[in-house]
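S.K.: What follows is each chain in one-letter form.
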Amino acid sequence: MTAKTSLMTAAPPPAAARAPEARTLVFCACALAVLALGAVLTQTIANPYVFFAAFIIVQQVALATGWNVLGGYAGYINFGATAFYGAGAYTGAFLLKAYGASIFLCLPAAALVGGGLGLLMGYMTLRVQGVYFAIATIALVVMMHTLVLNIDYLGGASGLALMPPEPPAWTGGQVQFVFLVMLGIAVLAVACARWIEISWVGRGFRALRASEEAAECAGVPTFRLKLSACAISGAILAMTGAPLVFYASFIEPETVFGLALALNAIAMPLIGGKKSWPGPIIGAVLLGSVQQAATITISSELNILLVGVVLIGFVAAAPDGILGLVDTLRKGRQ
Amino acid sequence: MSDPILLVENVEKSFGALRALGPISVSLKAGERLGVIGPNGSGKTTLINCLTGTLTPSAGEVWFLGRKVTDLAPHRRARMGLARSFQIPKPFTGMSVLENLLVPLDHLHDVADPRARAMEVLASVGLAGRAGHEAGGLTQLELRKLELARALAGRPKVLIADEAMAGLSDREIDDVLAILERLNESGVAVIMIEHIMHAVMRFSHRIICLETGRLIADGLPDAIANDPLVQKVYFGEQARH
Ligand SMILES: Nc1ncnc2c1ncn2[C@@H]1O[C@H](COP(=O)(O)OP(=O)(O)OP(=O)(O)O)[C@@H](O)[C@H]1O
Ligand SMILES: [Mg+2]
Numbered sequence: 001m002t003a004k005t006s007l008m009t010a011a012p013p014p015a016a017a018r019a020p021e022a023r024t025l026v027f028c029a030c031a032l033a034v035l036a037l038g039a040v041l042t043q044t045i046a047n048p049y050v051f052f053a054a055f056i057i058v059q060q061v062a063l064a065t066g067w068n069v070l071g072g073y074a075g076y077i078n079f080g081a082t083a084f085y086g087a088g089a090y091t092g093a094f095l096l097k098a099y100g101a102s103i104f105l106c107l108p109a110a111a112l113v114g115g116g117l118g119l120l121m122g123y124m125t126l127r128v129q130g131v132y133f134a135i136a137t138i139a140l141v142v143m144m145h146t147l148v149l150n151i152d153y154l155g156g157a158s159g160l161a162l163m164p165p166e167p168p169a170w171t172g173g174q175v176q177f178v179f180l181v182m183l184g185i186a187v188l189a190v191a192c193a194r195w196i197e198i199s200w201v202g203r204g205f206r207a208l209r210a211s212e213e214a215a216e217c218a219g220v221p222t223f224r225l226k227l228s229a230c231a232i233s234g235a236i237l238a239m240t241g242a243p244l245v246f247y248a249s250f251i252e253p254e255t256v257f258g259l260a261l262a263l264n265a266i267a268m269p270l271i272g273g274k275k276s277w278p279g280p281i282i283g284a285v286l287l288g289s290v291q292q293a294a295t296i297t298i299s300s301e302l303n304i305l306l307v308g309v310v311l312i313g314f315v316a317a318a319p320d321g322i323l324g325l326v327d328t329l330r331k332g333r334q
Numbered sequence: 001m002s003d004p005i006l007l008v009e010n011v012e013k014s015f016g017a018l019r020a021l022g023p024i025s026v027s028l029k030a031g032e033r034l035g036v037i038g039p040n041g042s043g044k045t046t047l048i049n050c051l052t053g054t055l056t057p058s059a060g061e062v063w064f065l066g067r068k069v070t071d072l073a074p075h076r077r078a079r080m081g082l083a084r085s086f087q088i089p090k091p092f093t094g095m096s097v098l099e100n101l102l103v104p105l106d107h108l109h110d111v112a113d114p115r116a117r118a119m120e121v122l123a124s125v126g127l128a129g130r131a132g133h134e135a136g137g138l139t140q141l142e143l144r145k146l147e148l149a150r151a152l153a154g155r156p157k158v159l160i161a162d163e164a165m166a167g168l169s170d171r172e173i174d175d176v177l178a179i180l181e182r183l184n185e186s187g188v189a190v191i192m193i194e195h196i197m198h199a200v201m202r203f204s205h206r207i208i209c210l211e212t213g214r215l216i217a218d219g220l221p222d223a224i225a226n227d228p229l230v231q232k233v234y235f236g237e238q239a240r241h
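Going down the list, the protein sequences come from chains A and B. The first sequence runs 1 to 334 under my numbering. The second sequence runs 1 to 241 under my numbering.
Hint data in this document are derived by calculation from the structure and do not stem from the laboratory. Quick caveat: nothing in here was measured; it's all calculated off a predicted structure. Any given hint might turn out to be false.
Restricting the straight-line Cα-Cα distance to at most 20 Å, the calculated cross-link-like pairs of lysine to any residue (SDA-like) are [to be verified]:
| hint | chain 1 | residue 1 | chain 2 | residue 2 |
| --- | --- | --- | --- | --- |
| 1 | B | Lys157 | B | Met95 |
| 2 | A | Lys331 | B | Met95 |
| 3 | A | Lys331 | B | Glu134 |
Taking the hints into account, I'd like the entire structure generated from these sequences.
M.R.: Structure follows, in structure tokens:
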């Protein structure tokens, strides 16, 4: 009898047809507007603390978006975001120390290192399923951490203090400049994630998330797609780490490879929603702002506890995050 | 017309100590309708998994379009024109019915207008009205049709239908049979794995029967129906159900 209802139901037209080019134009305009707004703010707001805080929040957006390419689109939960973030941060620190390199050289270098590391990790671990993949990503953090601890040139456990080169005069100061760079990284990351989502690549990811076997038999090169997800995600995460030493003039393994950051990278997309690019932004802005406000009043251990509790709450009650909740509510009302 | 387009040579597949398949040799000609029957667990799905590449045979070779494909990844074989549907439907949930068909079309370069092609295929199986629906929300019959439509989107040369009619009513079976017949008339070779006897008998040009991974009969439907060995292992078992 179900078959009969299906024959009688009138056909709604395929939804996706509403001029994707037009939407992409709007997206590009918004992206440019965000960058322009950032530049205007650096000229108009005098208090540098604003940019110290804003840098962290924008960094969270880039981190969440980078993580989501592998964790959300491909469905492989990566507990080792800091392995890539740290690799990028130390690539930046190394290039700055050795060559006094500009941040604009450190970014592509970090992306290359992160992409390469992602490929390597993917190649070695993607064939193992589920929980073993997660364990392998944790192991990668431990390996990177240990590596840095044992390289004296990078300062080992006690960290590395470096003087970044003078920022361009028009930016108004180092922190304003680094904030703008981070904003550029975040916009680039989101644009990249959006492209994946609306293109055949994203469709391939959704197919393999539903059934890897069926996707493969439909002509989707599943292994190569997952490998690309590892590389793209790794490149974005590492690029996000690269400006750190320019921002703080100091870098140490404990923070860079720390639990707080790794946990945040997972929590933000989960809170916002893993399925589409606005999700990680929403999660990052929410969690990032709360944490910025909270770190003044509470300890960092308490902070981790807070994130943990929120994370468990969402996993249990709203696995598709805030966007998923909104979706359910909207459907319920119809 | 005489050269086989799909050829299995002495293929074996073991899972640990269990030999699920073979050694077995089977061939399929262009445009042929081949029925595959056999009791539960006789290795039918394992055979087609070896054909499509989901499983790598423990021994033996698989040839498709004159090329040795034994070690070729499933997605490469799919793009060459070897399509299958799954015994338990595996829709791409989280996307629309139309998008399900765009997935295979994304990876073919000779399709001018993928959306038009997808709609055409959906119409041919009677799913055009469902194009915009979430694939996870379909009925059993619609899921079966989606399996077929997704397999057909890229104009395959061979379609392997693994129990495409399981769980359907008699009228729905006729519906699916008609789709497969039309498809075959357009030149596509069809391998039909099926427990529903009257459907395989009516559809197939030739039938093979498996038992515990071995080929025990290969012939015209009438000959198979009257084969004492087949009656013993297959119909005997069916009768007990
Ligand atoms: N991945 C696997 N691992 C271990 N054993 C398997 C696997 N796949 C199939 N088998 C075993 O191989 C044998 C053949 O299974 P297969 O699924 O090919 O049978 P079938 O003829 O398709 O049966 P049915 O009519 O029930 O679909 C069975 O004994 C089954 O338990
Ligand atoms: Mg089977």
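S.K.: Are the hints correct? Go through all of them and say.
M.R.: The hints, checked one at a time:
no., hint, in the structure
1, Lys157/B - Met95/B, "27 Å, violated"
2, Lys331/A - Met95/B, "16 Å, holds"
3, Lys331/A - Glu134/B, "13 Å, holds"
Hint 1 from the earlier list is the only one contradicted by this structure; the remaining hints agree with it.
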